[in-house]
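When you get a sec, could you build the whole thing from the sequences and use the hints?
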Amino acid sequence: MFFQQIINGITLGSIYALTAVGYTMVFGILELVNFSHGSVYMFGAFLCLTLMTALGLGFFPAFIISIVITGMLGIVIDRLALLPLRRKNAPKVASLISTIGISIFLQNLVMVMWGSETKNFPLALNLGHIQFNSFRISYLQMIILLTSLILMMGLTLLVKKTKIGKAMRATAQNMEAAKLMGINVNLIITFTFFLGAALATVAGVMVGMYYQSVDPMMGFMAGLKAFAAAVLGGIGVLPGAILGGLIIGVSETLAAGYIHSGYRDAIAFAILIAVLLIKPTGLLGQKVQKKV
Amino acid sequence: MKLLEVNNLTMAFGGLKAVNNISFHMEEGEIISLIGPNGAGKTTFFNMLTGIYIPTEGSIVFNGKNITGTAPEKIIKEGIARTFQNIRLFPHMTVLENVLVGMHSRSHNGLFHSLFRTKKFYQEEKRNAYKAKELLATVNLADKCNEYAKNLAYGQQRRLEIVRALAAQPKLLLLDEPAAGMNPQETEALMKYIRGLKDKGATILLIEHDMKLVMKISDRIYVLDHGVKIAEGLSKDIQNNQDVIEAYLGKGA
Amino acid sequence: STETAAAPDATEEITIAVAAPLSGDYAQYGNAFRRATELKAEEINAAGGILGKELKLTFLDDRNDAREATNVAQRLVGDKKVLGVIGHFSSTASLAASSVYEEGGLVQLSPTTSHPDFTKQGQYMFRNINTQAVEAPIAADMVVNLMDKKRIAVIYINNDWGITARDHFVEAAEALGGEIVAEETFIGGQTQDFTSTLTSIHSKNPDIIFLGTFYAETGMIAQQMKQLGYDYPLAGLSSLYNEELIKLAGDAVEGLYMTSNFFPGDERPAAKEFVDKFRDAHGQVPNQFAAVAYESLGMLAGAIETAGEDRAAIRNELAKIADYEGVTGSITFSKDRDVIKEMSIIKIQNGEFVIAQ
Amino acid sequence: METTVEHVNKKKKIIKRRSMIYVGVLAGLLIIPLLSLNNFTMRMVIMAGTYMILAMSLNLITGYTGQLSLGHAAFYAIGAYTSAILSMRFGWSFLITAPAAALMAALVALLLGIPTLKLQGAYLAIVTLGFSEIVRIVALNWMGLTRGPMGIPGIARPEVLGYRIASNTQYYYLILALVIITYMSLYRIINSRLGRAFIAIREDDLAAQSMGVDILKYKILSFTIAAFFAGLAGSFYAHYVTYIDPQSFTFNESIQVLSMVVLGGMGSMPGAIIGSVILTWAPEMLRFLEDYRMIMYGAILIVMMPIRPQGILGGIRFKLDKEEENQHEAVGSE
Amino acid sequence: MLQVCNISTYYGNIQALKEIDLEIKEGEIVTLIGSNGAGKTTLLKTISGLIKPKTGSVKFNGRQITSLDAPEIVKLGISLSPEGRQVFPKMTVGENLELGAFIRKDNKEIKESFQRIYELFPRLHERKNQVAGTLSGGEQQMLAIGRALMSKPKLLLLDEPSLGLAPMLVETIFELIKEINQQGITILLIEQNARMALMVANRGYVMETGKIVLQDDAINLLESDGVRKAYLGE
Ligand SMILES: Nc1ncnc2c1ncn2[C@@H]1O[C@H](COP(=O)(O)OP(=O)(O)OP(=O)(O)O)[C@@H](O)[C@H]1O
Ligand SMILES: Nc1ncnc2c1ncn2[C@@H]1O[C@H](COP(=O)(O)OP(=O)(O)OP(=O)(O)O)[C@@H](O)[C@H]1O
Ligand SMILES: [Mg+2]
Ligand SMILES: [Mg+2]
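Residue numbers (the numbering used here), protein chains in the order written: chain A, 788 to 1079; chain V, 2 to 254; chain W, 142 to 498; chain F, 2 to 335; chain B, 42 to 275.
If you're looking for bench data, these hints aren't it; they were derived computationally from the structure.
Model, not experiment: these values are computed from the prediction.
Don't be surprised by glycine CBs; every beta carbon is placed ideally from N, CA and C.
Keep in mind that a hint or two might mislead.
Stated by the list, open to error - Quick partial rundown of chain V residues pointing at chain F, CB under 10 Å, derived from the structure: (1) R89; (2) L90; (3) H93; (4) S106.
What the hints assert, rightly or not - The calculated label-pair distances, taken between Cβ atoms and stated as ranges, are: (5) A:I951 - B:G53: 26 to 36 Å; (6) V:L112 - F:R165: 25 to 35 Å; (7) F:W93 - V:L112: 22 to 32 Å; (8) F:Y293 - B:G53: 33 to 43 Å; (9) V:Q170 - A:P1067: 33 to 43 Å.
Okay, structure coming up:
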């Protein structure tokens, strides 16, 4: 049972990690607690499902198209809701409230469009599993973990090594100075949102497929857990998101399996708080020495 | 009496010793300047005196008391107040409020008195407001009392910062490049002001790159370079010290 | 919104309110209420309305939120045209609103609230669904005797309904000689992953898993059980009756047994007529929630017909209802304004719900 | 320079004007129930009042002290439960349960704050969020104490000095009193040495520290005071709706209150009041949109923020505040 | 090269610039002096597109740039070393300089520019892997100037470049200004140190409360009584 629980935990953790990678990227670049991430994640999953069922597309085409469309939704969100705030040098909390508005908007829109019922999401990648003595691992579980790792590495490279990545970081640290470097700040932020939304879709679709169901509320807890994972790992630290996700997933699973299923989220959050008390900047976050 | 005595103070950031084994002392009523090239460790020295950095080695004795590693909010109670190289006012508070915050360590109204607006509350508020305005008047900011600090011109902000520090009635005032960004006229006025403080018995430690100001005002000067003390003495000695000229003043001085 | 069916005297109206979650995560249940009551209202108006006046429904969204429910209740109580309320859906909303209805002297007939305390809140609270005190023992009998499973693991949703279901089920099952080997819970709408719960149940080696859950979670539980390679029979309550469940979980729920208030395959004419009409109107078969809402409106309309347009009289008339022929069977309010309904046992066979007994 | 006599006169005039404004506003508030508003309107006003207390108190933490808290509902819940349990178990009256609830919330905030308030920004945000989830989940599972999801029905109506509060009008006066108490207390705290320390922390914590403000201590103080009033609001809610269960204290509730604060204007008490009124009424005003109601609600948040990013009253200093300052000035030059 | 015509800029309701006219010819060093709050920084920000003027126009090499965004103006060859340094605090010195060359594609020459900056400011070379936020004030100032040079501008706007620098470095900076000017870069310089500024400049403008009150050759300004009294501290 223990091994199986660990596998369960790692799988759940990699689901959180997958969601958290996109979250922490936008979070790290824009220093914005983005409550719309969860609903974009949900929207991506619904879109992919609709493309498959209503238009009869195959999984992969539907997947790609939904990534692109949801990515554009990310752009729209930025342009309509957040750009006007940036223009006016709004405080960060104002943007936070806007993302809450977006999330309420999207969730209810999806409910009106698709109904609030939980819907079946076909298991398009049914690859089977490996059976060990007392436990089993499915290939889909491995793919989810792998995807989150690959995305993490890809994004790390993007942010650290490429020119656009540097522009993203510069924009995050000092927007005005970034403009003076010739960086088109709004384009960069829009790109960041595109990427964030696209990543959310990847996560949403994979998770929908894994649980074989989607519902309009699926993004809510996912968004919170992604936020938790991102913070636990250290804000903006991509490998931290993976680590944070895994820790939350495993602790939640073990709590449910060995302590009390009713308290699982409480225990997970308690562990999160405990870790932050010991390491106030998250697991992989670095303490910045204040300089005056 | 020695007001401040610093022994073998060192501050290391990783491998870099920003301040390296500095010993230093100040008498009451002195104005001492700390000069040196950029990155010599002057601000770092201030940061250690005010508890923002905890020294890697060495000790700071102030007014007979070892204050090494004491937290900033306690340091000011001991009697050391400072200004910052990059102005750090409370931008969305009024000028008056900025000064009143400066008096925080010297006032006492707590939850009870604030909530019930006791006599003591009003007395202290009145007294503080009065003193704050007096102080502001000394730097010609009395008429800006209700202005947000962020709306002040640069030079005014610098002066407000000094007044805010003075509001804590420090025994020792640390000024980090107070004249930076001021034009010669304003610098002149600042110099007069600092002199005035000295006449009233203040002890001041000054970091400044404006040599005119430094040379005219300082009782003694310490020179740092690469974290190490390379010279100390009177203005004249420093001005003619070959090491200092090479490292810091340049030929033009 | 108003639903009008051209028939009786359209200038005079009788207004009944339907208060339910029409938006938010519970909107699907509110919509079941809406569709069913609209259907019933059409029927009533086609048959000449109430007291010769046209029946008008007004729908109010409570988002399944306690605070909004009280707002809605206050609105309705203050609107003298409203003669009775069908709602609310969940216990949170119903209980929070009940004090307002009671004070305003307005009938609150909830088709679905199963919280044991609900009808104790006042004289104006009615319900049209079995409490778990009635249903869960039937389910226990189904599990222990009909299915002949003795070692039982229970998964229940952590809300008032789930907890009462568990309590009554466990008590009855143990009395019948069953043994509860595991009890696991989860927070509805929050937990998606049941693998750890299932794994720890697996380690207890039960004969069956009994589900005090709704269909959405059940789909996930069944799927995840299958993915983990466990193969336990499943049993549940009438809450699971939903066509979506089979779509959601396919053969993972094959063989699931459950109790049922209402079942579209029911041969009684009242039920048959309702199912046909509903299917014609909405292209799908109604679920239990639609059924109880439908007959609730029927009963309330009947009470108004006899009592006239007087709120207190309507309450008294409603309390007298006995042997009302509803789509879920014959309905009689007890003196506590609760109902006891007959239940049947159905199961999923070849991807369809069929009568098991 | 004005003469002293003029000064004194001016000061008297200001005080006179101020007290006239106060009296006017108070009179207006007192006669509201006499306008024979219907019960529904009264209920909305009362709920708005409850949110005013919540929003004003959150404003102390987030608006004035600059610490983002996403878990205000936790203290609201603790207040509601404390009150409900004391009232149900021991039959205590509102006059005892309300302060007890507020103190309980404050105590919990204190215990939580001591270790966690050294965290900053998003780190603190997630801790407060996590804490409020923990509170809700404990309330959900600790059947023995809270009856879990069964909730606590039939909570006694408040009795104040032998006078039983039952009608909406009576509740109105009760919440009015609580709102005034909250407003006055917070106003006095903010306009004092404490308040200046809070704001200084928000503006520049390092500079504040260098001026002698013990940041951790003041953050804890601000957090505790805010929790105190949130607990008070919770107590009122419990005795008003007479039924509570954990579902009334979700994360969404925290978010709702935060939205009120930000929309109204962070660091503005009147702003928090206006924000609560708007966001309490908006969902009811939008009912005619039916299914599209919540979509619209979301859209309103999105659209309103850019119109005034600092919030409706954010960054505006009020007449009353200004006069207070003038008074300072007058006092100063005596 | 640069023509500023009739510019008025506002912060909300406050008018910071009042109908400013200013002209810079190719190859010149022009200095702008004026007391605190006169609007010098505002003018530079307006030229570089960070703030939009309410009225008036800015032309660069005959082209209207008034409505262009800052990044596009940078691409045309105007670079600003801003007031308050504005370094990227969490990036290293090297990365900061790299970003200075963001608009350039000539990788080989970029390397040379690095070399040059590091020669000018050996301290930056020494600290190329230190994050900029922990640099001392003066070191950050060097970085800001170096970064502005990295874009190879045609017109360089310097907002108080000597602020916070040690006396020796101040000399270096002024020599640098002369030197890069000889290499063909046009310069607009704001300085509190008006004397030194006027000594390197060809021409100067004097600003007071949002208006240009005086303009002349630098030598004449140095000798003008008004200027000496108000800005040279004599
Ligand atoms: N937190 C830190 N981490 C790493 N290095 C630091 C840190 N703080 C300061 N330094 C380094 O220590 C040295 C001393 O810095 P300090 O700010 O004390 O210089 P300074 O003498 O005040 O110079 P300036 O005149 O330019 O302000 C600098 O080289 C700086 O880069
Ligand atoms: N963001 C702002 N909002 C409102 N007013 C501003 C803002 N920035 C500057 N000002 C005001 O505009 C005027 C011009 O400011 P500016 O910074 O351009 O002056 P400056 O000549 O650069 O002064 P300094 O020598 O102090 O740098 C000042 O009165 C200042 O108070
Ligand atoms: Mg320094
Ligand atoms: Mg300037």
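Comparing the hints with the structure gives:
The criterion of a C-beta within 10 Å of any C-beta in chain F is met by R89 (chain V), whose closest approach is roughly 4 Å, and the hint holds. The restraint placing L90 (chain V) at the interface with chain F holds, with a minimum CB-CB distance near 7 Å, inside the 10 Å limit. Below 10 Å, beta-carbon pairs count as interface contacts, and H93 (chain V) has one with chain F at about 6 Å; its hint therefore holds. Hint status for S106 (chain V) relative to chain F: holds, with the closest Cβ pair at about 3 Å, below 10 Å.
Between I951 (chain A) and G53 (chain B) the CB atoms are about 34 Å apart, so this pair conforms to the stated range of 26 to 36 Å. Take L112 (chain V) and R165 (chain F): their Cβ atoms lie about 34 Å apart, and the range 25 to 35 Å holds. For W93 (chain F) paired with L112 (chain V), a C-beta distance near 26 Å keeps the hint of 22 to 32 Å intact. The supplied range of 33 to 43 Å is met by Y293 (chain F) and G53 (chain B), whose beta-carbon atoms lie about 37 Å from each other.
The hinted range of 33 to 43 Å is satisfied by Q170 (chain V) and P1067 (chain A), whose Cβ atoms lie roughly 34 Å apart.
In terms of the numbered hints stated before, the structure departs from none.
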